[in-house]
Amino acid sequence: MGAGHGHKLHYHGHSLIHRLPAHVKIVALLGFMLTVVATPREWYPVFAGYLACLLAVIAVSQVPPLYLFKRMVIEIPFVVFALLMPFIATGPRIDVLGLAVSEDGVLAAWGLLAKGTLGVLGSLTLAATTEPRDVLAGLERLRLPNQLVQIMGFMVRYLDVVTEEMRRMRVARESRGFRATSITHWPAVARSAGALFIRSYERGERVHLAMVSRGYTGKLPRT
Amino acid sequence: MSTPVLDVQGLAYAYPDGHQALYGVNLHVHQGERVGLLGPNGAGKTTLVLHLNGILTPGAGSVAVSGLPVTKQNVQEVRRRVGVVFQDPDDQLFMPSVRDDVAFGPANLGMRGKALEERVLDSLDKVGMAEFVDRPPHHLSFGQRRRVAVATVLAMEPEILVLDEPSSNLDPASRRELADILRSLDVTLLMVTHDLPYALELCPRSVVLSDGMIVADGPTYDILTDDALMSAHRLELPFGFDPRAVRLPSAG
Chain U
173 MGAGHGHKLH
183 YHGHSLIHRL
193 PAHVKIVALL
203 GFMLTVVATP
213 REWYPVFAGY
223 LACLLAVIAV
233 SQVPPLYLFK
243 RMVIEIPFVV
253 FALLMPFIAT
263 GPRIDVLGLA
273 VSEDGVLAAW
283 GLLAKGTLGV
293 LGSLTLAATT
303 EPRDVLAGLE
313 RLRLPNQLVQ
323 IMGFMVRYLD
333 VVTEEMRRMR
343 VARESRGFRA
353 TSITHWPAVA
363 RSAGALFIRS
373 YERGERVHLA
383 MVSRGYTGKL
393 PRT
Chain F
1059 MSTPVLDVQG
1069 LAYAYPDGHQ
1079 ALYGVNLHVH
1089 QGERVGLLGP
1099 NGAGKTTLVL
1109 HLNGILTPGA
1119 GSVAVSGLPV
1129 TKQNVQEVRR
1139 RVGVVFQDPD
1149 DQLFMPSVRD
1159 DVAFGPANLG
1169 MRGKALEERV
1179 LDSLDKVGMA
1189 EFVDRPPHHL
1199 SFGQRRRVAV
1209 ATVLAMEPEI
1219 LVLDEPSSNL
1229 DPASRRELAD
1239 ILRSLDVTLL
1249 MVTHDLPYAL
1259 ELCPRSVVLS
1269 DGMIVADGPT
1279 YDILTDDALM
1289 SAHRLELPFG
1299 FDPRAVRLPS
1309 AG
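Just so you know, the protein sequences line up as chains U and F, in that order. Position one of the first sequence corresponds to residue 173 (the numbering used here), numbered consecutively onward. Position one of the second sequence corresponds to residue 1059 (the numbering used here), numbered consecutively onward.
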């Protein structure tokens, strides 16, 4: 339905997965995630099964795997944490490649990595095959309170505007010779963040004014 | 004369912090007129606009739109009749697609289905943006967003269109395109601006608001050539612009 100008996470296509109603996909993802999280981490073959399911869905959706893989960088902080776990955790030690690591830690790291990766991949697949506005419409059909759907809608709409404003402020700062190189520069950055917050808040008020001017009474009309 | 579309009488307003912005404003706009509301920054132009559709409530005086007084009970109908296009299109366009954004106003008025879709396309057509109906607003150029913002208000079929600084931040080509569009619309227009050449181009009549009072009301040409009035109220023509040397577009 979109004209190929969707969000950065969206991959335009017409596959079966793209065409599925958004609320079906949301429920499927939620069900999938709850199952994954509830599975004991020692059931290794089951996780392989989950991954196979997910890969099958991705194959049907015709979203290039590389497209999704690049966007998985978001998981890196968790990966780093997972990799640290075997060294930090206590308990009996085992030898892996000559390093003494905690057995519990290795298991916990595996659990975090496996479940996290499945979650990220699943969410990215949803995002790649569903336009943000359809996700919102789907959530609304699932009876999520209207106010929450509205808030998410505004977040999607204004994320780019606020990011752009932040970028302009950084450019303006740096044009006056400022570079955040040491901790003594942090107050300036913090003040910028404060200014950004106030600007966004004021923009929110102006947007509300513009909405009220067009007859808004508290509920977005379903069109 | 018939009932004015816009009838502002003795309007005074002070902000909650005590700052008095308007001191008894009288303004009448009649059907089919295009009126420029001129004034320097801080003259109270935007405050006046916010009274026209009942966002602010007058401290004294009254506002009526086609005979309907602006009161709490009438506010929904008043907002249909008075379409305000705000200065920053990013404030006005908040839906995920141009279609949803233009539909927002009429849908709030209870319109649905095919009639709504027709209204949306018709309004976008008037501003030459029909082909962008499925695009997200933030992917359009600034000039295009301004035009869509005009369409969002046209979709409510207002009796008067109020534009707050319509030419700000537009490049000369977008500026001219918008002028052509505004001239082609069959609607009463109140244009708030300090872009004096733009007012001269579009509005046969202008009023000057200065320090919360209307200090002049007459043909735009006469106001812009009244040097004493201009300098008394911080109105200046851009460098090199001489209204006496301009051939005015034929009245329309």
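The set of hints was computed from the structure by calculation and includes no laboratory data. Idealized CB from N, CA, C, for every residue including glycine. Do not rely on the hints blindly, as some may be mistaken.
[As the list claims (entries may be wrong)] Quick look at which bits of chain U chain F covers, simulated, 3 or more residues with Cβ under 8 Å:
| id | region |
| --- | --- |
| 1 | 201-209 |
| 2 | 260-268 |
| 3 | 302-315 |
| 4 | 375-382 |
[To be verified] Lysine-lysine pairs mimicking DSSO-like chemistry, simulated, CA-CA at most 27 Å apart:
| id | chain 1 | residue 1 | chain 2 | residue 2 |
| --- | --- | --- | --- | --- |
| 5 | F | K1172 | F | K1184 |
| 6 | U | K391 | F | K1172 |
| 7 | F | K1130 | U | K391 |
| 8 | U | K287 | U | K180 |
| 9 | U | K180 | U | K242 |
| 10 | U | K287 | U | K242 |
Results of checking the hints against the structure:
no., hint, in the structure
1, 201-209, "violated (count 0)"
2, 260-268, "violated (count 0)"
3, 302-315, "holds (count 4)"
4, 375-382, "holds (count 5)"
5, F/K1172 <-> F/K1184, "holds, 18 Å"
6, U/K391 <-> F/K1172, "holds, 21 Å"
7, F/K1130 <-> U/K391, "holds, 19 Å"
8, U/K287 <-> U/K180, "holds, 24 Å"
9, U/K180 <-> U/K242, "holds, 12 Å"
10, U/K287 <-> U/K242, "holds, 19 Å"
When each numbered hint is compared with the structure, violations occur for hints 1 and 2.
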